[in-house]
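S.K.: Sequence:
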Amino acid sequence: MEIRTLTGQDLLQAIDALADLRIAVFAEYPYLYEGSAAYEGAYVREFVAEPGSVLVAALDGDRIVGAATASPMASQKPAFRAPLEERGIDTGRLFYFGESVLLPEYRGQGIGHRFFDEREAAARGAGAAAACFASVMRPADHPLRPASYRPHDAFWTRRGYAPVEGLVTQLAWKDRGEAAESAKPMQFWLKRL
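Numbering follows our numbering, in which position 58 of the sequence shown is assigned residue number 59; successive positions increment by one, without gaps.
None of these hints come from the bench; they were simulated from the model.
One thing to keep in mind: the hints can contain errors.
The calculated lysine-lysine pairs, modelled on DSS-like cross-linking and capped at a C-alpha distance of 30 Å, are [to be verified]:
#	residue 1	residue 2
1	78	185
2	192	78
3	175	185
What follows is a list of derived Cβ distance ranges for each label pair [to be verified]:
#	residue 1	residue 2	range
4	86	142	32 to 40 Å
5	94	149	32 to 40 Å
6	63	171	34 to 42 Å
7	40	79	25 to 33 Å
8	114	62	39 to 47 Å
9	93	163	34 to 42 Å
From the three backbone atoms N, C-alpha and C, an ideal C-beta is built for every residue, glycine too.
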């Protein structure tokens, strides 16, 4: 396994692989996302086009089996910036961690920690004072929650992140089996760097 931070042209060449990973991993609980290659390709291209964006890739040979993204928060969509700015948080000093996706057979090997290490290093290198991400909120009794599901909260807490009370945004996507998109609440987690 190789963990490598991609920027510039290398990052652009990884767009299709990241789109495929997002579709595969986000189909799982708790996201339950029903994605399309066209939407994913456009989303990823928009995300990585922002100056300062990075993609941390986990490679098994030449194959990307996992990826995590990070970008300056000031360049994110207003729906993500607004709740922070309304709280007086300077998004110009904040880095946003997008997805962290890893195929199931590669989990439990420390790759998730490396994803955070590399993204935090990129954030510090860009002069960010803090890093944040947003996680979907699902009810504990959700009918599609697998009995074996373990939330990532303990992992994130050990990494020094904490949910910011009441700091929630909404993001719409189509759940598996839904006829149309619906808004999902997303809880912000934050860590001072």
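S.K.: Report the numbers of all earlier hints that the structure fails to satisfy, in ascending order.
M.R.: Going through the list in order, the structure violates hints 7, 8, 9 and respects the others.
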